[in-house]
Structure formats: C-alpha cells, structure tokens
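*Asks:* Chains as they are written, first to last, in the working numbering: chain A, 4 to 331; chain B, 4 to 331; chain C, 4 to 331; chain D, 4 to 331; chain E, 4 to 331; chain F, 4 to 331.
Source of the hints: derived by calculation from the structure; they are not laboratory data.
All figures in this text were calculated on a predicted structure; none of them were measured in a lab.
Every clue listed holds true.
For chains that are exact copies, the list does not tell them apart, and a pair is met inside one copy or across any two.
Result set (SDA-like, lysine to any residue): computed pairs, CA atoms no more than 20 Å apart in a straight line:
| hint | residue 1 | residue 2 |
| --- | --- | --- |
| 1 | Lys-92 | Asp-283 |
| 2 | Lys-185 | Glu-40 |
| 3 | Lys-185 | Met-4 |
| 4 | Lys-22 | Arg-252 |
| 5 | Lys-76 | Val-108 |
| 6 | Lys-269 | Val-250 |
| 7 | Lys-76 | Ala-304 |
| 8 | Lys-22 | Val-39 |
| 9 | Lys-92 | Gly-236 |
There are 6 protein chains.
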Amino acid sequence: MAMLAGAALVQAATGEIAKDADLGGAEMHAEVTGLVEYLAEDDAHGLELAREVVAGLGWQGCAAAPVEYHPPKYPAEELAGAIPADYRKPYDMRELAARIVDGSVLRDFKPGYGAAMVCLQAHIMGQPVGILGNNGPIDPDGATKATHFLQLMDQADTPVIFLGNTTGYMVGTDYERAGMIKHGSKMIQAVTNLRVPKISLYTGASFGAGNYGMCGHAFGADFLFTWPNAMTGVMGGAQAALTMEQVARRAAARKGIEVDEARLAKQRAGITAHFDSQSDAFFTSRRMLDMGMIDPRDSRAVIGFCLATCMEARRRVLNPNAFGVGRA
Amino acid sequence: MAMLAGAALVQAATGEIAKDADLGGAEMHAEVTGLVEYLAEDDAHGLELAREVVAGLGWQGCAAAPVEYHPPKYPAEELAGAIPADYRKPYDMRELAARIVDGSVLRDFKPGYGAAMVCLQAHIMGQPVGILGNNGPIDPDGATKATHFLQLMDQADTPVIFLGNTTGYMVGTDYERAGMIKHGSKMIQAVTNLRVPKISLYTGASFGAGNYGMCGHAFGADFLFTWPNAMTGVMGGAQAALTMEQVARRAAARKGIEVDEARLAKQRAGITAHFDSQSDAFFTSRRMLDMGMIDPRDSRAVIGFCLATCMEARRRVLNPNAFGVGRA
Amino acid sequence: MAMLAGAALVQAATGEIAKDADLGGAEMHAEVTGLVEYLAEDDAHGLELAREVVAGLGWQGCAAAPVEYHPPKYPAEELAGAIPADYRKPYDMRELAARIVDGSVLRDFKPGYGAAMVCLQAHIMGQPVGILGNNGPIDPDGATKATHFLQLMDQADTPVIFLGNTTGYMVGTDYERAGMIKHGSKMIQAVTNLRVPKISLYTGASFGAGNYGMCGHAFGADFLFTWPNAMTGVMGGAQAALTMEQVARRAAARKGIEVDEARLAKQRAGITAHFDSQSDAFFTSRRMLDMGMIDPRDSRAVIGFCLATCMEARRRVLNPNAFGVGRA
Amino acid sequence: MAMLAGAALVQAATGEIAKDADLGGAEMHAEVTGLVEYLAEDDAHGLELAREVVAGLGWQGCAAAPVEYHPPKYPAEELAGAIPADYRKPYDMRELAARIVDGSVLRDFKPGYGAAMVCLQAHIMGQPVGILGNNGPIDPDGATKATHFLQLMDQADTPVIFLGNTTGYMVGTDYERAGMIKHGSKMIQAVTNLRVPKISLYTGASFGAGNYGMCGHAFGADFLFTWPNAMTGVMGGAQAALTMEQVARRAAARKGIEVDEARLAKQRAGITAHFDSQSDAFFTSRRMLDMGMIDPRDSRAVIGFCLATCMEARRRVLNPNAFGVGRA
Amino acid sequence: MAMLAGAALVQAATGEIAKDADLGGAEMHAEVTGLVEYLAEDDAHGLELAREVVAGLGWQGCAAAPVEYHPPKYPAEELAGAIPADYRKPYDMRELAARIVDGSVLRDFKPGYGAAMVCLQAHIMGQPVGILGNNGPIDPDGATKATHFLQLMDQADTPVIFLGNTTGYMVGTDYERAGMIKHGSKMIQAVTNLRVPKISLYTGASFGAGNYGMCGHAFGADFLFTWPNAMTGVMGGAQAALTMEQVARRAAARKGIEVDEARLAKQRAGITAHFDSQSDAFFTSRRMLDMGMIDPRDSRAVIGFCLATCMEARRRVLNPNAFGVGRA
Amino acid sequence: MAMLAGAALVQAATGEIAKDADLGGAEMHAEVTGLVEYLAEDDAHGLELAREVVAGLGWQGCAAAPVEYHPPKYPAEELAGAIPADYRKPYDMRELAARIVDGSVLRDFKPGYGAAMVCLQAHIMGQPVGILGNNGPIDPDGATKATHFLQLMDQADTPVIFLGNTTGYMVGTDYERAGMIKHGSKMIQAVTNLRVPKISLYTGASFGAGNYGMCGHAFGADFLFTWPNAMTGVMGGAQAALTMEQVARRAAARKGIEVDEARLAKQRAGITAHFDSQSDAFFTSRRMLDMGMIDPRDSRAVIGFCLATCMEARRRVLNPNAFGVGRA
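Take these sequences, add in the hints, and give me the full structure.
*Replies:* Spelled out as structure tokens, the structure:
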C-alpha cells in the first residue's frame, strides 16, 4: 500500500468512500501510476526479484582476486582466556592482534614513543591493515603518534582496525599543559576524516573521549562490533561515583556544613551500580550502539569478511543522474 | 574554562588536588597551550574583539551595488486586514504578493494549469525573484508546474520565495490514480535540490506533505519566518478528529460491534483541541520550528533584507586549507 | 597526390609548367615537406602499415576478460518464421528478445503500465543489457516508463538495445490532452543523452517520431542495423494517402465544391505506392540510413559482437595533446 | 497549434473526427497539458511577454562599463572611394583599418615577415582588438605569422577582426616545397579553435582556402558581413576558365588531336560569366552565406556594436540543469 | 643578436666566413625567421613599443577601487632612531609595526604564547594584512603559533608581511627534546606553501634557519627588501668564531695535545671579521640576495605600493594556450 | 644523529655542555620527539625494516601481466664491435636499435625527411616504445620531425628511448635563416614536457644543445646511462681549440698585430687535451652526470628492466594528504 492518504483520511477529508486497494494497492500502481517496477506475488518472490535485479548490475567482477596468506600462529581460542574480563587489568594489545593477523606478523610503529598507544601494521587474509590498540590511557605523545599513523594509512590507502580498550585520555595539570586537548582533538579529527575503510571492535573499556578517538559509535566506522565483556560509557561507575562524591564534599566545605557520610555512601553505591549496568555490552548493544556482539574467537573471521566487503563495495559504482528531463 | 577534566574529576581519578584555573583557565591557555588567540577581559570586550576580527577579513566590498526600484503600489498595511485569520477561508495569493514586490508587478507562470498552485515572477528591492504561493491544495498538475518553475529559477540563478498557505496535496482515488505521489515527490525533490537562496514564510495553513513542498522547517530554507495566524502540523484538528473517528467506526464495523457515540464525540473534541493547540504559531515558533514570528506588514522589509544577506553571503568566500603540515 | 593546386591550375595561375608529382607526390612529401609518415608502395602495403601502426598502440589488453554464459533456449532460426512480414500485424517483442538473450531469461520492467512499450533486462554473451521493444504505438504512459528505464540503465552503466517496431506515438484528442507531446519528448531527450552504448535494430515499422524515440538514424546509435522486412518513413503509405485525402476533402468542403472521387482514388494509389517504395528496407539501407541489413537469424551474433566492440572501445584511450610548442 | 497529429491525420489514422483547437490549441495547452507558460493574446502581446521574461533574468548589469575613446582620424566616408572595386587591384589594408579603429592608431605585428599578411593591434570603441588583413595572397611565412598572432590574441582574451581580401594561398613548386599545406592548415586550425569573439568582413576577394583562413562562412564567426563589392567563391571566373582550358588542351595533347579554338573560347567566356555571377556579393548574401551586406562607411559602427554584444553575451550565464527529477 | 653559433664558431666548425648580422641580426629575424615581432630602432623605441603592447592588453580595469584609510599615528621618521643599529639589542617589533600600519592599530594574535614570535593583524593603505615579527629567537611555541597564523591568513586570503630580526631557532637539549626540529619545519612548510602575497623585509639579524622561517631569499617572497643595518648569514661572526674554536679545542683534547692559544685568538679574530663583512647588508644586497635596500622611513610607502601591485597582478590573467597546432 | 645544532655549536652559543646523543640520537628521537618510526639496530636491520614497510603497501599487484615476445634477431655481442669508438665516424642507428628491440622489427617514421634524425617504433620485451637516434647533426627538418614524433608518443602513452650520438644542431647562415633556433627549441620543449617514461643512453657524442635535445643530464630522464666510449660536453676538443684560435686571430687582426703562432699552437693543444679529458665518459660518469656506465651488450637488458620499472611505478599510487589537522 502506498498512497498519500488512506480510506479513513480520505473519507474524513473529502467524504469519498474509497478502498485502500484502489487508492494505492500494488496492482493499481503497477498498471495505473507506473510506480511499481516489478510486481512480487509474496515476500519470497520479492526477495528473488531483488536478487535478480542486483545480479543484473554486472558487479560480479568487483571482488578482489584471491591471494594466499597464512593463518595466525597463535590460536584464536586463546582469546577467550587471555583477555582479562575486568577492563581495569591492562594487557598487551599485541597479544590480541597476534591472534587475528596473518602469520601473527606485526610491525610496531614508534613503539617507544607514546607507548600505551599501540600502532601496528599487519595483513588480514592478505589485505594490508593498520591496527590501533590501547595498552592504557592515551597521552599527548600517544595521540600525536596515532594521528601521524592514521595520516599514513590514509595516504597508503590501507584500512584501519580499531581494537579499543581505553579509559580515555590522560587528565591532570601536567597533561593539560602538555596540550592534551589539542593533541587529542588532532587524533579525533584524523579518525573523522579517514577515507579508508574503518572497522572498530570494543574489546574492553571504551570511556569518554577515548570512545571517540578509538572510532566509537558516532564516528562512522564501516563496521562496529562489541565483545561481551566490553564496557561503554562516559566513564566507569566507580570513577563516576567518586567524582560526584567530590562534588558533594566540596559543596559542603564551601557552605561550611558537614557531609552526611551515610548518604554519601549510598549515593556512591547507587551511581556505581547505575553506571555499570548501563555500560554493560548487553545493555549498549541492545540499544543499537554497535552492529552486534561477537564471540572473541570469531574476531578474525568477522573482520576479514568485513574488510573484503568494504574493498568490494568501493569497486561497485553507480553513475550519478546526468541528464535532466526538461518538462517535469 | 576548557579542559578535559575539571578539578573534581581529576582528584577522583588521580588524587591530585588541582585548581580549575590551572587546568584550563583562559590565562593558562593563552600562555601555555596557545589555544587562546585573543584574551578578552569580559563579555563586552569579547564581542568587540569578534567584531574587529570579522572587520579584518576585508569583506566590506561584498555587498551588491545599489539599484533603483519602486515600492509596491498597494500598501503593506492592508496585509493585516486582507488575509483571513481562519486558514479554511482561501484567498488569492496574488493579493499578498502584490503588497510585497516592487511596483506590485507580477508575471503569472502557467496561470490556467494547476491553477491553485500560484507561480509568479517579480522583483523585490531590485532583485529578481520567483514566488510560490497556494490558492488551495496542490494537485498533480500544480505539483508538475511547481517543479518546472523551480528548475527554471535554479537555471536562471533567481532566488525563490515560498508564501505557504496549504492544507496539503490532494487525496482520494482520482488523484492517487493520476499519480499524486510521484508528482508531489518531484516537487519536493526540486525544493530540496535548489541551489539558489530559498526564503520561506508561513502565512496560513502548512499541513502535512504540503509543509515539505512549500519549503517548511526541514527543507533548508536560508530564512524561514511565520505570521501570527499560521497553523503548522500533520493536519488540521478537525480533519484529524474525523480521521480517527473513521478509523474507530471501521474497526467497529469490522468487529461487528456498535460504536459508543458519546465516547466518539469526546474523542473528537479532544483531538481537535490537542491538534489545534500544537499547530498554533505561538506554540510552534516557541519550539524553534521557524526563525521567528513577524508582523505581516513587515514581510517586504524582512524578505528584502534576507535576500540582500543571502546574495552578499555568496560573495564572502574563505579558502579551504590548502597545504598540509607534515609532522602532526 | 596532395597539393593546394595541381599542374593545370598552376600553369593557369602563374604560367609555370610543373608536374603533379613535383607539386605534391608522395615521394616529395616524404622527403621534402615531411608530411608523409610511412611511404607505402601500393594499397596492400598501405593496409599492412596501418595494421602495424595500430598494433603498436599497445591496445591488446583492452578486450574484456571472457565470461561464461548460456545460449538462448529458443533457436534463432525461428526468427525467420515467427515475425510477421507485414508490420501491421503486431507480435510480442518478448518472443524476439527470447531468441537473442542468454538463456532466454528476461526480466520485465513495469509490464502492466504503458504495456505496449516493452522494457526488458537481460544479458547478451554475459554483458548486462537493457532492451526496449514495441508491442504497438507508444502512449503517454509508455513514454514515461521508457524514460525512467533509460535513466536507470544510464546510472547502472548498462548498454541499451533498441528493437524497434512502431508506427509512432499515439494521436487523437485524448492522447494530446494527456500530454503526448511532453511525455514523448522526455523519452527522446533520454535517448539523446544516454552515455552508455546504444545498439539499434529496425525489425518492422519505424515511422515518424517513433523512429526518434527508438533510436533511429539521427540519434547517435553506436550501431544501427535493419532487417529486410523493415519499413522506415514519416508514416506508412496507406496512412499518408488517407491523410492527404482528408486534407483534400476538407479543403473542398471549406470551399463548398464537390470532390473528384476518381482523381482522389488515383492520388491515394499514387501516394501509397510512392511511400511504400521509399520506406522499403532495401531502399533506405542503400541510402546509408543504417549501417547495413542483416539476416534476422544473425541478430544475436551481430549485437554480441557490437557490444564487445563498444565496451572495448571505451578502454582504448588517447591522451589529449598536453604541451604547447611555443613558436608555431 | 502544437500537436503530434492534426485533425486530418487523426481522422485518417484513427477515424476520430476532432478539431485542431482541441488537439493542440494554445488554450488547451495552457490549461490541460501545462505546455504553455505565458498565454499571449496576439503577436504584439507575445513580444511584450518575451521582453518581460528576459528583463526578469537580472542581466541588466552585464554590459561593460563605458570607457572613453577617440574616433578615427581618417573619415569613414573615404572608404567608399579609397578601396578599388576590382579585387585584382591590391591596396594596403592599413588604409582600411585606419578608418575603423580608435584614433587611427595601429600597431604592426611582424610587418617585415610574411609582409602580405597584415596583423594589427588596435582598439575599437575602447575594446582592444587584433586585426587580420590581406595585402596579397598568403605565403608560408604569412600563414605562420597569422597563426602566432591568433594564438597570442587568444591568450590575451582579445577579440579578432578579419578584414578579408584574398585570392587564397600561394601555389607552385617553391611554395609547396616550403610547406604551404602545413603552414596554411596551422592558420586554419588556429582560426577554428579561437575562444575569443571573431568578427569577419568580406571586403574584396575571398577565394578558395583563403576564405577558410580569413574566417569565412563555415568557420564560426560570431558575426560575418559583406561589402557590396566582395567576391566569394572557389576561385575567380577568369582563373577558373583558364584552368579548364588547360585541362582541355592537355587532354587533347595526350590523345594527339587538335583543339577546337572556337569551342574553347566559348567555354572560357561561359565559365567566366558563370563563376563571376555566382561570386557576386548580391548573389552570395542572398543565399545566407553571410549575415548581411553593409555600407563600407558603416563598418566601424557595425563592428563596434557587434563587439559590445559579444562581450556582454559572455557575462550572461545560465546554470546547467543540475538536479534530476527521479520519477519521469 | 640571437643565433646558435657566432661567426667565429661557424668559421671554426665549418670554414664558412659569415657576418654576425647575417647569422642572427634583428633585421634578419624580423624579415627571415619571423622571430621578431616589433623591430625597435633603439632602446627608447623598444621601451615605447613594450608600453604600447602592455597597454593593449586591456588591463586598465584591474586596479582595486580606492578606499579610505588613516596614516600611522606614530611618525615614520622615528624608525631611523628607534631601532638599534646593533642586532644584538632586541626591541619590540610592535614599535616598528605601529609606524607602518593604518592608524597604528594592531591586533595581537596569541601574544602570551611563544611571546618572542610576534603575530599581528592590521591594515596597510586599506588592505588587511598579517604581520610576522621577531622579538627574539623562535622557540617551539613560537614556531607553532606562526604556523597557525599563516594557515589562517592563507584561508582568509590576507597577504603576509615578514619583518625579520632573528638570530634563528632555539638550540640546546631542552629545545631539541621539545621538538624544535619538527615545529620549526612546520613553520617553514607554511611559509613555502602560502598562496597569498608575501612581502619580506630584513630589519636586523637574519641568521640560519631563521632566515628561512622569516621568508628569506629562497622562499618566494613577492617582494624582499633590506634595511641598511641588516645582517644576513649562516650565523653571526662571533658565534661562528666561537664554534670553530670549540671544534679546535675538542680535537686537541681528543689527541691529547695542547692548544696554541695565540693561534686560536688569531683564528677567532679572522673568522669574526670574515663573517661580519659578508653578512653586511651592503655586501649581501650587492649580490642580489634581496631586491634592494630601502630607507627604513620609506617602509610603509614601499610595502603599500608592493601590496597594491600584488593584488592587481592577481586580477591580470592570461589564458593558457588552449589549442594545439597539429603540424609542428 | 639529527639535530639543529651539535654539541660544539650548542656550547659556543649557550655555554651548555651537552652530548650529541642527547641532542639528537636515534633513541632520543624514538622515545622523546617521536621522529623515529622504526628503530633499526644496524644497517642490515634498517634495510630489512624498509623492505617490510614497502611490502606492506599492498603494491604486489602493480606489475604488468607477463607477455610473450621474441629476442632480437641480431646478437647483442655485435654491439661491441659494430659501433666505432671514434664518435666522428657516423654509423646507422638502425644497426644499434636492431640489436635492442623485439625480433629486430623496426618501423621507420618519416625516414626520408630530416634523414639524420632517426625516429623508430618498436617493442622492447613486449612494451611498445618510440626510439630517437642520430645519424648526424640535427637540422631544422630533423628537429621538426622529432617534435612531431614526440607529441605522438605522448598522445599514445608510449615510452621514448633516446639513443644519443650527436655533435649538436646544425650551425651556419643557411641553417640560422631556416630557423634552426626555433625548430631546435621546439624539440627541446617537447622533450621537456613529455609525460611518458623517458630512458636515455649516451652511445657516442653528446655535445652542446644536442645533449638537451637528446634528453641529456638536466632533462628529466627517468633513467640515463652511458656507454664507455661516449663523449659529453659543450663541444669536442678540436672544435673548441679551433674556436678559441679564431677568437685570438680576430683580436690580433683588429689590433693590427701579428699572432704568435707557437703560442697559438700550444693553446690549441692545451684546449684540445683539456676538453677531451673532461668529455670522457669515465670523467663525466664519475661526476654523477648520468646514472652509471653500462656495457653496450647489456643495453637491451638494462632498458627492458627500466621500462618495466617505469610502467609499474605509474600504477603505484599514494593518496595526497587529504585532511588538515587543525591545530598545528
């Protein structure tokens, strides 16, 4: 059914007693207005027609030629055990990457500079990729290094994989004076402007601006998945609770009154529980803040398939409508 | 203040006891990070600095050369009385336009075809314009005519003024079969793709898809104002009430039960009141669905000023950033 | 010989007695003016040189990679019998198309709307194509549908095959009022502006503006062939004769005189014979109004070869002259 | 009246008895098909409407700002007497140019090289122009010089005036060996490719390829006029007659027979008369081979007006149709 | 004279005894090769011809419309006394700028960040400009600030004035570790890539890479002038002498021998004198390392004239050579 | 080590006693400034890292598909004996080319025009090429022909091989008058502007402007090699000596004194020896005026490898840096 107004509205507006099928049924549009191109008998037939139409576009030759590659040396099964469930326990992202890339071969980019920001070059199913991972919060050096790395990937037409596990950017006087804001924003600018495929995976914490820098929900990843253990939010529950406690204590001190410790403890527990429950991957994924939850052991298979899809999509081109039809 | 984390969060996260001014005060950014270009002493000073910066861009020469023109022959004061307050009483849009354009000179485009869709050519303060106005609901012929007119205005680089007063597109079996959907969508496509300045005015009813076709809130008008008597919404209150009544009656008929007339009457009254209260210009304008309410008698002055602003804005150009700075 | 003036003219103009070979013989140009690049001994040698030059352009790699496909299910031999020799007897173009395309697989585009204008999607030797065919005169709906179909083919970079058999666009009060002129001209605009390869075949009648809409002689087909039974002209002989008879009868009625029936009958017979003799494919093809006559049974082979040629030609590119040579 | 088929044809084709006004009258199109934009009451009204539409395009500001200039020092009246009526009597083109350009100030370009090809720089009513004129047949040096001059005018965005009076390019062994063909074709290429306005005037002889090189009928002049004394053709009558005589004598010599002198004399007279009659400006102008005949004394006024028209036309721009309307 | 080889070489190479005038004299080229466009009788005539040619290009309308502005509040005469002759005595560049710009009105860009690098916005004779000046050596912050400032000027299409007085970029462990190299190179990249007019003035020291950053000799300034007191070189003499002394002392220490203090003192004096003599503005300007020496009191007049020249030059456009001439 | 100033300069300039490793050592840049991407342990490791980085660019698919071809019919070994060691003894360049190209198949371009300038079309290892060679000095016709040939190669995207053996362009009155300067400069313009790969080989003399025309050192050859017997210089020694002798004799004659023949003879001998020693391939190649000396018998292998390299390099593309990073 496709009409400007259905039978009820038509009767209300004009008094005409009409049938919906006459106003905008599929047969009517197929024969009278010409708004139907292919008339399907039912849903199954509709899907079949859609497949035929796409098959007729001549895109069969757009997939990449097959290349040879090696599987990772380290088994994907270890991903389930090797990564700590608690995001507060850091681990080396190279361990994760080695279970995803061809031959477990990684090239480390500026490993000694901004060391907690891990930048790696590797191949996945024969396709060169750049990988960004976190071994801790991002400091000014790390943000600068990530920016440079992303510019290079963009120039070399190499897709970027984000393996996010970060509590955010560094805070405090020293880091502010070192220009944390401007260096962090450079990294976010780079993520935003990348022209190469971006594939993002939530593998642990993804808090605050760190979520932006590691290509979170709003940053245009071509594909974005989450692991079951991931936590996403403005900040962690304990940190949020402490922050609000500080706010309360300072307000009390300014007013010269004493704090109600019991009330504070209750507030702290409440905030922690509230934040943690809404940061949970099962909560956030259900709200469509990613494209689905995957088993960590499937990471290589999922990323490899998404990469091939992205690269093929670039070769499928439709011409823009080039000539006007004068008389409307 | 501009920092990644304020004092409270910093203490919570790291234990450091810091001052906000040290973390991100204006003086700090002016001297340490370099993120401040001009340090203002207070708001007034800040505005003064902003004016100086813009004045330094050298855009003084971008306004159009002054041209001579005649005022309308018919006085703007008549606008207050000539236009019926009740949108259900139609009037000839040419009466309105004649009180806005230079010398009240109008050229009528295809007046006998799709006659309720009024397309006029005229000048406002010396600037050629195309004007779209409604003398009733838009039918397939009117939509086709409007599309053609908008294509021509776009080709001739002529701004378009929308004087909207419409209860929408025509509904009913005859109009659906005549392709109301496709002809209406052509008109909306044209409105969306116009490259010339668009200035829109709500002068009466602006309901449903008619709001789209007459360049309503979401269709990228450069300027969009409302008169106090205007009504904006999915449809008028009485119409909505009748439609819902029909839905109820049909459902009852399908189920073979009788309708509760008293309940229906109450529902009708409620819907009418609810719709009408939310369609009111004072209600919609307060919710930022336009850029402000104007006295109908100021229409020419406001449109003329907006036109000059649009034309000058096109001559003010900033270069894109043209050279990369290699090391981020 | 290539000279501005031959020996006779030279002597007349200047008195000089010269030999043509000295004025512009091949040897002279090869050695003195440098206007000869490769000096051929005779025609055969010239063709051999031309082949060598083209072979040296390095275009061997421009042909498409071979793909697999099925022959039509229905034999081409049936084309000779299935299509009526008299263009006044209509037949279903799908019968013809099914004997040309891969596996006889056709996808019908808007079959119930403007039904006499047949729009099909299929493959020929693995190449996706759009096909336009006529099951009768083109009405406003049919012209609208063909325009839309051609826009889509252009966007999808799909070549279009025109299988023309039409006595033209519909005439008469009803069709005129339905906008036959504007809808027909939209279709002709689309045919003119197509950027994809166009291959056209005259398979029956091709009269009047129908010849334009079905990509006739002047509409830039990459290849245009005719079947032996085709008729091409402003209109059919019988129709022309009747039209002229009507003109005569109306003129007589206006002047209040009686018509000379014997003279009218003679005129009718003369016009019919004259039109039909000049519409005949053997007459029109001899006058170079197409690129040759083909046996209907060869249609698939000819179209397939032309398609491959068009697609390869797009990959053969010559650089424009990019640097000026200062002193002429 | 605008219809696909008139009443007579409709009756012949379909039997329907219709009126032309119903099939395609102006009122019908204004109200039913929408193909009429502005309905004129009569011719005078139509012209008035057309003027209004063009006036509404906002092109009033496209004319050039007025500049000051001097009239020629030498009076235009002398043009009537100074130029010989017989094209075989050469004269100095500078005499002609001095009666057309501002202040009679001419700058001579390479006057000593290819001296019969006159290239001048000057102003006409304040607009810089380049002028090409002939003081005799064009030789290789003259063609080379003209080519270089045209390239420079094109680069400097300066319009070119062609004052043609030439019997063509030089012929004979010496000129052929000097590459007359290639140097002449360079000049014709340059004339063809000029992007600046071209205004051409036939002032005497314009024969053969000289007509091409001096921007004759087929070479895209924006404006092309002729003087009454001009002669245009493949060659002059006497020259054509002599050429044919030579052909006859040579054929006779080859066959070993004697020529019939009387017949030859008659043929010579016939050819001369025939050529001369068809070369005459009154003959050629009547056949639309130029845009009109002008009084030599009006040359400056005509060229100046045409120049202003060309320069203003460049500033009047229409946007191409930029957005498609999806559903045809 | 313009020839490939003169008479002497010709005789040596071929034995031919020729005259230079015949080989490549002006008359020969004017009449034989066509390489002379306008033959001048002497130098004065040549200049006159050149002026006529340029006047014929129609560029009279390219100068900017005159605007009103105020002279500086502080007199230019003070420039002679206010600026110390010894470049080692720093002074505030704002004192200098205030004697050059309209109304002595300066807007300071990031004055507290990288404070020795002075970035100012102002107008000169009505034209908006950005000004770069040095109040000491350039540190990483100062280089970063200058880069940002130059990017903004480029985007706003605002010309940049360089008032150079710098001993270079900061050296030493701290500055190196702060990335002096990369921040300095960014500034030099920005200077190199600017698309707006650049006008440079040597007003004191201009040493080493500081010369690059402040748009010295090789960095494409549209105009570059020097004051008489300026010093330009790799470094100052005393600094160079000390550097070489250190080299000698270290070499001696490595070899375990004693230094010859008398010899070192002599070397020191020699190097100082040598460097200083070659850094002197009278020495460097004589070697064409700038476009001339100006009186400091003329700085505003010179810069204002150069700015107007640059802005007018942008409006004078020559078309690229657009059509090839096939046969070379 | 990479720093703005080393330890010695730092101490001289600031008194600080620093270590070079702290100022700019690799470890420092790897960890502090981030200027090191990959820290190599030694040279071998550095090369290994570089190979890995390039291998990661995904350029494996850029080499051309292999094609079949025939070796030359004539053996390369004959090159060692067939070419005279003394450049004054000319030989036919076709003999040389036939030992380099596939199947020894050559197509001669305008062989009879400007005959000493040899232009050939052929294939090398399956790749179409154009070849320029010298059978003597270049005259105006030869230069014109070479220009045309180079334009065609550029349009057909065909690489050009220069086999240089020329004492330069023709000199003397006749050649000057024939426009040697302009025709020679056209050829040099064409060589300069070629967009196709250029590979150059010094096979004998390469003197004066002939070195420019045959794509010598400064003309941007992608690859440029020399044979051991080649001589490169402004002119040959004997010619230079004679030229200087003429200068002396003329000076003496002008002053009316006698020449000192003994001194002249000594000067002649000295100049000859000096020029010849500096023209020798061993002398010039050592000074990097080419990219290396090759054995003539390796010419085909070297050129074939270079061609494949050039064609592959065109398919390896880096994106330009497309997004700015706002805060420098």
